[in-house]
Amino acid sequence: MSEKDLVLDLKNLNVKFVTEDATVYAINGLNMELERGKAIGLVGETGAGKTTTALSLLRLVQSPPGVVECDKMEINGKDVLTMGIKDLESMRGKDISMIFQDPMTALNPVFTVGEQIAESVFLHENCTKEEANQRAIEMLELVGIPGERAGEYPHQFSGGMKQRVVIAIALACHPQLLIADEPTTALDVTIQAQVLDMMKNLREQYQTSLIMITHDLGIVAEICDEVAVMYAGTVVEKGTLEDVFNHTKHPYTEGLFNSLPNINDRKAKLTPIKGLMPDPSNLPEGCAFHPRCPYATEACKQPQHLRQISDTHYVVCDRYNEPDFHIEREEK
Amino acid sequence: MIRYIVKRILLLIPVILAVSFVVYFLMDLAPGDVVSMLAPQDATPEQIEQLKEELNLNGTLIERYGRYILDLLHGDLGDSYMQKRPVMELFAERFPATFKLALASQVVALLIALPLGITAARRRGTLIDGASMITAMIGVSMPSFWLALLLIILFSSKLGILPSGGDNGFASLIMPAIALGTSQAGSLTRITRSGMLDVLSSDYLRTARAKGVPEKTVIRKHALKNALIPIITIFGSNLGNALGGAVAIETVFSWPGVGRLTTTAVNQRDTILATGCIIMFTLFLNVTLLIVDIAYAFVDPRIKAQYSK
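Just so you know, the protein sequences line up as chains A and B, in that order. If you read the first sequence in the working numbering, its first letter stands for residue 1, the second for the next number, and so on. If you read the second sequence in the working numbering, its first letter stands for residue 1001, the second for the next number, and so on.
Treat each hint with caution, since some may be false.
Result set (DSBU-like, lysine-lysine): computed pairs, CA atoms no more than 35 Å apart in a straight line [to be verified]:
no. : chain 1 : residue 1 : chain 2 : residue 2
1   : B       : K1304     : A       : K16
2   : B       : K1304     : A       : K78
3   : A       : K94       : A       : K11
4   : A       : K86       : B       : K1221
5   : B       : K1221     : A       : K94
6   : A       : K129      : B       : K1225
7   : B       : K1221     : A       : K16
8   : A       : K129      : B       : K1221
9   : B       : K1052     : A       : K94
10  : B       : K1216     : A       : K11
For the chain A half of the interface with chain B, some residues (derived, Cβ under 7 Å), not all of them [stated by the list, open to error]:
no. : residue
11  : V24
12  : R92
13  : L107
14  : H155
Hints were generated in silico from the structure; no laboratory data involved. Where is the CB? At the ideal position from N, CA and C, for every residue including glycine.
Put together the whole structure using the sequences plus the hints.
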């Protein structure tokens, strides 16, 4: 395999939360690679471990109770696992930054938005307070907020504008890797489109790599180059947009697509995935999806293996050991 | 904002009238009076009448109170019966000592409460948290005069490094400030802890950490400023109360503050001096609370926005 320019190289990530009552296995053996400038969509139901994955990359999983174990975690060529707290602090916000899910609570209510953007700049760029403030104003204008509003407080902004401020903070130091954790979930649809457009433009402008965490497959199709489908703390299918959307392999991915409304057949009933996400403190043996999977057999209760379908397409499902196994969803 | 301040100051007028009324009448109800204290044992009724005349004490209670209020409205707190000097002058003489002690004790309280409360909140549920809360509990429960006596025994009697009383420079301020401050640190610690607990789990601290803000700054800047409202509320009322003088501490340390002036006035049935002192106390307490209210606006912009409505 040729040397790829990886901005993120993550091997066998395991995160568990150990409490007195139970041990919650949030992430189980997750691998992820991301090439510079590419965008990957991290898709899955609520509770699949998407946000925990992101927080692990920033080393911001609360410990205790969180325990993060990993074979390899390199961001921008730096080994994040062995980093001291000083190096971590200088990495956060500079090499890697994150847009948080809920803009209503992600901003500190007692500081002006300008201060909150400038703080990041001041910490990471060798500059004076004035230069940082100037940059904060530029960032605000970049995300479509008039610069003179830098002196205002979060409560004076609407939800959509707060999300723009959160994005401005995350992008203030032109990070190599940006994690966007459901950046549009808290916004109404018209604002969603604006924010997505803006992120797309900014990404092209700064060549930022992106991990887009979402449960909205539409957003993935619009923004990402690759998709990783997560279930119960692990990636079950991974590939390019084309691979995953048109040559779906994993039964869970199929279930996700089937539960989407079909615009061509508006009378069709939605087919949700039966059952619920398993309790992460008590995961099923073998494939975690097998209790809900329509194709499950006894063999699915054994540990599953990563299978390479093509150069880019991977799936974790041992049913493909049977040569003629296929899911119902048609290839497109 | 200005309108709010003016309104608060105007509201002080009825408060002061009510306070003066209550104190003046209670003093009159108390057994014994200043005339019998001042008059010689074998005074004739004429001499007593004359003394009453001199002290402006003739007429009914209502008449006397009426005269007092009229003077008060002219800004005159009257003359002390016993010391024959203007109340304002006596109060002004004693107030600097009280002010000094009040400030010093609040500094002590803050120095104990902030680190203890913040640490307890950050290490919630651990041994450190438990130990801090027990310390705070002891601080609240321990009578300040008792701590004062212990301090005197240790530092004055045994070690002989600090003066046991009086107001003679910084060294004499240390023990009274610690005795008074420690007892107030208890409640302040608990408020700091609960205020910080509310804030510590908030999303905006995670945002700050994700920006690469060092943990120290996250706590001291981002978290503390949000937890400050309840802390300054308790701090303000503690300070306001301390400005009225701490009778027990002032007595133990022979501290020449207004607390002892007030108790002496009450004991001697010096109605004018007692009422005057308590009016001044009311004034200081309310001004402190007003300053606290104004401080809210500078800490939290959302409160500022409400004032301007």
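Verification of the hints:
no.	hint	result
1	B:K1304 / A:K16	44 Å, violated
2	B:K1304 / A:K78	45 Å, violated
3	A:K94 / A:K11	22 Å, holds
4	A:K86 / B:K1221	18 Å, holds
5	B:K1221 / A:K94	21 Å, holds
6	A:K129 / B:K1225	20 Å, holds
7	B:K1221 / A:K16	31 Å, holds
8	A:K129 / B:K1221	16 Å, holds
9	B:K1052 / A:K94	83 Å, violated
10	B:K1216 / A:K11	32 Å, holds
11	V24	18 Å, violated
12	R92	4 Å, holds
13	L107	6 Å, holds
14	H155	5 Å, holds
When the structure is compared with the earlier hints, violations turn up for hints 1, 2, 9 and 11 and for no others.
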